[in-house]
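Peer 1: Chains A and B are the protein sequences, given in the same order.
Residues in the first sequence are numbered from 1 upward in steps of one, following the UniProt record's numbering.
Residues in the second sequence are numbered from 1 upward in steps of one, following the UniProt record's numbering.
Hints are computed from structural coordinates only; laboratory data are not their basis.
Note that the Cβ used here is the ideal one computed from N, Cα and C, for glycine as well.
A few of these clues could be false.
[What the hints assert, rightly or not] Calculated cross-link-like contacts (lysine-lysine; reagent style DSS-like; alpha-carbon spacing at most 30 angstroms):
1) LYS110(B) to LYS222(A)
2) LYS105(A) to LYS154(A)
3) LYS110(B) to LYS119(A)
4) LYS50(A) to LYS125(A)
5) LYS118(B) to LYS119(A)
6) LYS110(B) to LYS125(A)
7) LYS118(B) to LYS222(A)
8) LYS125(A) to LYS111(A)
9) LYS75(B) to LYS259(A)
[Stated by the list, open to error] Label pairs and their computed distance ranges (CB to CB):
10) ILE130(B) to GLY149(A): 52 to 60 angstroms
11) VAL84(A) to ALA87(B): 54 to 62 angstroms
12) LEU126(B) to THR230(A): 23 to 31 angstroms
13) ALA87(B) to PRO38(A): 19 to 27 angstroms
14) ALA66(B) to ASP213(A): 51 to 59 angstroms
15) ASP106(B) to ASP213(A): 24 to 32 angstroms
16) THR230(A) to LEU58(B): 45 to 53 angstroms
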Amino acid sequence: MTTEMAEPASKIELPASVAGDGEIPTFHITLRVRRYDPEISEEARWDDYKLTMYGTDRVLDALHKVKWEIDGSVSFRRSCAHGVCGSDAMRINGRNRLACKTLLKDLDTSKPITVEPIKGLPVEKDLIVDMEPFFQSFREVMPFLINKGHEPTKERLQSVEDRERFDDTTKCILCAACTSSCPVFWTDGQYFGPAAIVNAHRFIFDSRDDAGDMRLEILNDKEGVWRCRTTFNCSEACPRGIQVTKAIAEVKQAILARKI
Amino acid sequence: MTTIETPRSGKIGSGKIAPKYNRTGSSRGNFEMIAWLFMRLSGIVLVVLIFGHLFVNLLVGEGIHAIDFGFVAGKWADPFWQFWDLAMLWLAMLHGTNGVRTIINDYAEKDSTRFWLKMVLYAATLVIIILGTLVIFTFNPCPVVDGVQLPGGFCPAP
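Isolated chain B (complex conformation) (with noise of 0.2 angstroms):
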């Protein structure tokens, strides 16, 4: 009697299925969902967020020739603009990153390189929106350092 060899794709013992084809077991919970979720909603509010800043940067008024130094004080001398921009800075990080997590997600192969390269995106991604909410909340045009007035031209005397 001639014997069938087991498939080359599974070892005998181990199941029918090869260890690197087998499926890991469920791993059930919605974050993924609300991440499916955040990027659509996201994605909207965004388009008016930038759009909106794009349009108030550029067109309004001189348009591209207002933007200097002083501009941007006087936007963030603004809780409207300040709120603004920390939206756009939240939602466009978190959007991007998810974005980037899921190509990784798709694209790395091995999963030690999938774990290292999602934990250099969240460590960007962190000092990224800490660094930039930290700018818009504290962000001083007219900084005196040691009683002096460091040169930007247009503030008045300390």
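Same shape as in the complex, but just chain A (with noise of 0.2 angstroms):
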């Protein structure tokens, strides 16, 4: 029996930052999360937390670090943790972002990142928000293959041209990053909000799908695509960047030819 050779000294060049013994750079936070828990009072409030971060840490690391080292009572979703499953979209110094995949180094660090829950939907706790008002949208577009021809026996062909069409807005995590950051779904809750749009978008333009038209009556509502205001928003807050006020714009143009 020959022994194994110890795996040789890596060959690749390093940059000086994690140079050396694989020590990354580290530096201090303050994290001020949005705290809310009915069960002791009704009213919000900030937490601040210290924390040494580092640079290789994002938001969702030290939210992590928190909840397992500091205060356990810390409430926020997360579930892949690496930006595909779009649980945990909050709203970061601001802005809308998915905390998996927000770095800590890209933020101001010498001012207090505030993380919040997103907008428009009800606080459960914390940074839990309760999506099923989100959802119920997302269900009314109808987000899945209607066919009506034949069922057939192998997969539904189709040409790279007509699945490039739809292409974009088939990156959809439902994360409500897009919806929760339109000023026109936080008023009432009752415009139909980006996502929906998006996800009806994916199949109206789909070669395979034979719905299309009754999805853009749906969406030729009161509360449907002509609320949109274009104030980019959701384009801007989307952590998949999908061209989400294309894609509405996209619908409308498409609602305006089939009845004109």
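Given two chains presented individually in distinct reference frames, assemble the corresponding complex, making use of the accompanying hints.
Peer 2: Here it is in structure tokens:
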């Protein structure tokens, strides 16, 4: 038996900041979290936590540190922690972002970093909001394939161009960052919201789907696409980089083209 | 066994969503689409009408120094300018009213507030449009009351 050779030293040159014995720079931050616990008080309050974090840490890591080491009562949602599940959308320094995709070093660490729940949805506790009103309008646009033709025995084929047509809106992870950044949605929550329209767009412009007209009819509503004021908050908030306002404009044009 | 409480935002028996956050049923119809289209089309026409109006009133001939009662009276003697000003009045008023209507829809928080603000808005719009239209078509630069010429200075004696 030959003994396995020890792994040779890495030949890849690393920048000075991560060289040496793999030391990552640390810095101090103040995390200011919006706290709300209706069992204690109906009033929300701010709690400050002073933390020492690493250059590779995200806001989610700071929240973990608080919850695991300082105050276990801090509540927030997160599932995959890698920007795919869309659970941890929150208002960080006044902007809707995913806590798991926002690096602390990209924020202004000289000032407290504020973390609030997303706006326009009922807060359950701390950073957790009730997403049900959001999903209600999502369900209304019928976000599933409706095909009237015969059921094929294989997959439904589609040309590259046809697939490209709605590619951008397939990226949605339903984190609600867009809808809860929309000032029209903040007013009364009756507006369909960018996320529902994006998911309608994904099927309206899908060549395999036959219910596009039905969805256009649903969105030609008093609370539908015409309430969009093109403030671009949604496009700015989307952690997936979807051109949300553009998608809404395309749905508007599709409704117009169908009616006229 | 522990039971998990229903979310605070929803009351037991009323479905999952609190009434405040529940979406009211759909309200189809093309009104919002037509209003949206009207804003864009009237906007384009208004740019032409308003800049034409400013150009003729302020820049042509003696320009701003020529504007007086007689100048306006002269313009309204011409059906072309009557129509121009009428179009400008109607489009500007409807364009502006629709704009304020959307602002009220966006910013009013209570349904009753929203309703009354819009009623005030529509009443004001109606008064101005009717009054303006009346003035454009019934304008008489030399009104005579009880056989006496009202002071104007430039009208021929009756």
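Peer 1: Now tell me, hint by hint, if it's right for this structure.
Peer 2: Now the hints, each set against the structure:
1. LYS110(B) to LYS222(A): With Cα atoms ~17 angstroms apart, LYS110(B) and LYS222(A) stay inside 30 angstroms; holds.
2. LYS105(A) to LYS154(A): violated, 49 angstroms
3. LYS110(B) to LYS119(A): Cα-Cα ~18 angstroms, so holds.
4. LYS50(A) to LYS125(A): Holds, at about 22 angstroms.
5. LYS118(B) to LYS119(A): holds, 27 angstroms
6. LYS110(B) to LYS125(A): With Cα atoms ~26 angstroms apart, LYS110(B) and LYS125(A) stay inside 30 angstroms; holds.
7. LYS118(B) to LYS222(A): Satisfied, since the Cα-Cα distance of roughly 16 angstroms is no more than 30 angstroms.
8. LYS125(A) to LYS111(A): holds, 25 angstroms
9. LYS75(B) to LYS259(A): violated, 41 angstroms
10. ILE130(B) to GLY149(A): 52 to 60 angstroms: For GLY149(A) against ILE130(B), whose Cβ atoms are near 56 angstroms apart, the range 52 to 60 angstroms holds.
11. VAL84(A) to ALA87(B): 54 to 62 angstroms: holds, 55 angstroms
12. LEU126(B) to THR230(A): 23 to 31 angstroms: holds, 30 angstroms
13. ALA87(B) to PRO38(A): 19 to 27 angstroms: Violated, since ALA87(B) and PRO38(A) (Cβ atoms, about 57 angstroms apart) do not stay within the stated range.
14. ALA66(B) to ASP213(A): 51 to 59 angstroms: Given range 51 to 59 angstroms: holds, Cβ gap about 57 angstroms.
15. ASP106(B) to ASP213(A): 24 to 32 angstroms: With a Cβ separation near 29 angstroms, ASP106(B) and ASP213(A) satisfy 24 to 32 angstroms, so the hint holds.
16. THR230(A) to LEU58(B): 45 to 53 angstroms: violated, 33 angstroms
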